[in-house]
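Asker: So the chains spell out like this:
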Amino acid sequence: MTLWDLTQGTSATVSAFAASIEAGYRTRLSELGFHPGESIACVMAPSLGAPKLYRVNNTVYSLDDSIASMIEVA
Amino acid sequence: MPTSSTLPSETASLPRASIALIGSPNSGKSLLFNRLTGLNQKVANFPGITVDISSGKSLADSSTEYLDFPGVYSLQTISGEEKLAVEAFYKAMDADHLDAVICVVDATRLEKGLIFALQVIEACRRYNKPLLIAANMTDVLEQHKMHLDAEGLAGALKVPVLPISGKTGFGLEHIPSAIASATAPTEAYAIAGDIIASDDALIHRQAQQLANMYGPKGDLLINAQTKLDSFFLHSWFGGLSFFVIMYLLFQSIFTWAAPVMDGVETIIQVTADFVLARVPEGMASDFISDALFGGIGAFLVFVPQIFVLTLVVGMLEDSGYLARAAVICHKPLRVFGLTGKSFIPMLSSVACAIPGIYAARTVDSPRKRWLTYLAIPLMPCSARLPVYTLLIAAFIPAQKALGGLVGWQGLAMFGIYVFGIVCALLVTAVVSRSNAELRSDLPFVLEMPPYRLPSWRPLLRNAWNRSKHFVTKAGKIIFIVTVVIWLLGYFPNQGASLGDSWLGTMGQWIEPVFAPFGLDWKYGVAILTSFLAREVFVGTLGTLFGIEGAEENFVSLSQQIQDSGLPIGSGVALLVFFAIALQCVSTLAVLSKETGSWRLPTQLFISYSIFAYVAAFLTFHLVEFLV
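Residue numbers (numbering that gives the first Met the number 0), protein chains in the order written: chain A, 0 to 73; chain B, 0 to 626.
Everything labelled a hint here was simulated from the structure, so no lab data went into it.
Just so you know, not all the hints are guaranteed correct.
Some, not all, of what chain B presents toward chain A, calculated at C-beta under 8 Å [claimed, not checked]:
#1 Y72
#2 Q75
#3 T107
#4 R108
#5 E110
#6 S234
#7 V326
#8 H329
#9 K330
#10 F443
#11 V444
#12 L445
#13 M447
Calculated lysine to any residue pairs in the SDA-like style (CA-CA distance at most 20 Å, straight line) [said to hold, decoys possible]:
#14 B/K56 to B/R460
#15 B/K82 to A/T26
#16 B/K82 to A/E21
#17 B/K330 to A/A44
#18 B/K82 to A/Y24
#19 B/K216 to A/A40
#20 B/K330 to A/G48
#21 B/K226 to B/V139
#22 B/K467 to B/A588
#23 B/K330 to B/S240
#24 B/K330 to B/M245
Which bits of chain B does chain A cover? Going by a derived footprint, with three or more residues having C-beta under 8 Å, they are [to be verified]:
#25 201-211
#26 219-232
This structure is a prediction, so every number in the text was calculated from the model and none was measured.
C-beta atoms are modelled at their ideal positions from N, C-alpha and C, and glycine is treated no differently.
Start from the sequences and build out the full structure, keeping to the hints where you can.
Answerer: Have a look at this one:
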């Protein structure tokens, strides 16, 4: 299951990054809070495949499917 | 590229003290800089607005200079723009004249700010620079009765932490004394090894622990933000509010700015009459009348639109809405090879491509920014408006359709606007599909800033500065080209006959070029001069038809065009030509400045001229076949 699969109002813990994700993005995502062990909540999942809104502590980020589907959650 | 690596203090006379301001995007750093220096840095509630390093003398002490660095999420960079900013920061850190660093963090989202602050602490320790952490936006905390334990945090970090508000000015008076007593961090914070290069989650956990211990508690702010997001990004209400906001934006450009534009036109007219009455007739008077007031005046009329658009777009940015608009538009724009972040520059370009090109700096991916540059010149800018108005009045009957609900002329105007936008999207779609490199790029990760009420003073100042910049920078180029065009049109027969002037001769040379659309040499000359700026087309055509002040007399000029027997196919072909061709010297100049070379502007100029020509040719034959 990936972060992109989360529906609005649900949370999950980041378990790993997809192997294909570039090292630079992995670092950036970690710095933003998307790192293994962190609980992420999907606060908004707009329709028609628009980027979803994810809350990490007190900050909300919008991620599109290309990146959210590379973050595995459990 | 912006000159991010050039430090202002290297060229200016050195003040006694130089202080760097650094922080992550949206930490309120630019507003603080404006408060400290009285300068007018563009401030917006959209991540990544500062793209150059600004410098300004302190209002409190003119011997102190502040340097405002672009917001970065990390000292380890992933995008080119960030890399420039971080390199410039390290260059400044290495310089002897940098005395201290202020790291600005958003106190309402402490954890995010601390991740970056921990890296800055380490950098200041290595470079032996005193550091102050400014916990910004404490006014928001106070408003929601939330608390930040600044002393506790300072004790844990072993770095002074000063609670401030860039918006209200709270705590700013303590900055000079806090800086004076600050020292360089002497010990690495808690993490063994290299904290800056640390690519695991350790630094994040440290920040999280500190934020939990000393930061504001509770979900009040985030809950309020989520509630508004659930409206603005709602499947129905979100789309509806997006269209209402865009409608109001267009209204502001075309309706609200109109009385001011009329006012500017009147001022130019009155000034021209006043000046010309005092200048003896002859070459000087012709020059003042045609080149100064005719050429430059036509361009100054559009300044109110730039002002209104900058103000309204600034208001949308400041409120936090544009980040939501970028989310709404991301998926549709991705189909055309663009990103949601391309939306703001493309929107700005509806008034003028120049602010649009500047706004493209916020597209962090260089390849998507490049594609956005391709789209910008095709967006229906306001300089096309006088041309469209003239041609539609001349060729489209002023009759109502659909039982009187809509007018054909209004529909034609709407149609030509949509045509421009569709062309822009088709070009980016085709170009991005032809090059695999352009398809794969930085993924879409955008921080959603909190919703805020806009601060009017900085917005008005910014709109004023943008208008001033437009007049002073683009005005110079327009002035030079106007003079050249005027000289070509005036000599060798001192303005006695435009047809026999050098410009007229050139017009007759190029007549065969435009003959396939059924256009004669007069239109050729008007098109030729419109390559300086599109609106010049109307003025030139007016002169050629012997009408004084053609832009004030659209109807009579359109009547003249009708009477000249020009076929409707030529009129529609001209509309299509103007919708596509890149006839704007200022756009080309600004594009070359932003991309660092004339390569892209030259390529765009040539390819859009060919595209415009072929499309106009096909349109002419299609319309003539159908009618």
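Asker: Each hint should be assessed against the structure and marked as holding or not.
Answerer: Each hint, compared with the structure:
1. About 6 Å separates the beta-carbon of B/Y72 from the nearest beta-carbon of chain A, less than 8 Å, and the hint is met.
2. Of the supplied interface hints, the one on B/Q75 holds, with its beta-carbon coming within about 6 Å of a beta-carbon of chain A, less than 8 Å.
3. Interface hint status for B/T107: upheld, as the beta-carbon distance to the closest one in chain A is roughly 7 Å, under 8 Å.
4. For B/R108, the shortest C-beta to C-beta distance to chain A is roughly 5 Å, which falls under 8 Å, so the interface hint holds.
5. The closest approach between the C-beta of B/E110 and any C-beta of chain A is roughly 5 Å, which is under the 8 Å cut-off, so the hint is satisfied.
6. For B/S234, the interface hint holds, since its Cβ comes within 8 Å of a Cβ in chain A; the closest pair sits about 4 Å apart.
7. This hint holds: B/V326 has a C-beta 5 Å from the nearest C-beta of chain A, less than the 8 Å allowed.
8. Interface hint at B/H329: satisfied, since its Cβ lies 5 Å from the closest Cβ of chain A, which is below the 8 Å cut-off.
9. For B/K330, the interface hint holds, the least distance from its beta-carbon to any beta-carbon of chain A being 5 Å, beneath 8 Å.
10. Restraint check, B/F443 versus chain A: the minimum CB separation of about 4 Å is within 8 Å; hint holds.
11. Interface hint status for B/V444: upheld, as the beta-carbon distance to the closest one in chain A is roughly 6 Å, under 8 Å.
12. The beta carbon of B/L445 is positioned within 8 Å of a beta carbon in chain A (closest approach about 5 Å), and the interface hint is therefore held.
13. Satisfaction of the interface hint for B/M447 is found here, the shortest Cβ-Cβ separation to chain A being roughly 4 Å, below the 8 Å cut-off.
14. A C-alpha spacing of about 18 Å is found between B/K56 and B/R460, which places the hinted pair at or below 20 Å, so the restraint holds.
15. Proximity of B/K82 to A/T26 is assessed by CA-CA distance (about 15 Å); at most 20 Å being required, the pair is judged to hold.
16. A distance of roughly 17 Å separates the Cα atoms of B/K82 and A/E21; the hinted pair therefore holds under the 20 Å criterion.
17. Pair hint B/K330 plus A/A44 holds up; C-alpha atoms about 13 Å apart against a cutoff of 20 Å.
18. As the CA atoms of B/K82 and A/Y24 are separated by approximately 14 Å, the hinted pair is consistent with the 20 Å bound.
19. Pair hint B/K216 plus A/A40 holds up; C-alpha atoms about 18 Å apart against a cutoff of 20 Å.
20. Restraint check for B/K330 and A/G48: satisfied, since their Cα atoms lie roughly 7 Å apart, inside the 20 Å limit.
21. Proximity of B/K226 to B/V139 is assessed by CA-CA distance (about 17 Å); at most 20 Å being required, the pair is judged to hold.
22. For the proposed pair B/K467 and B/A588, the alpha carbon gap of about 17 Å is at most 20 Å, so the pair holds.
23. Restraint check for B/K330 and B/S240: satisfied, since their Cα atoms lie roughly 18 Å apart, inside the 20 Å limit.
24. Annotation: proposed proximity of B/K330 to B/M245 holds, straight-line Cα distance about 18 Å (limit 20 Å).
25. Under the rule that three or more residues need a Cβ within less than 8 Å of chain A, the assignment of the stretch 201-211 of chain B holds, with 4 such residues.
26. Residue count for the stretch 219-232 of chain B with a Cβ under 8 Å from a Cβ of chain A: 7. That meets the three needed, and the coverage hint holds.
No hint from the list above goes unmet by this structure.
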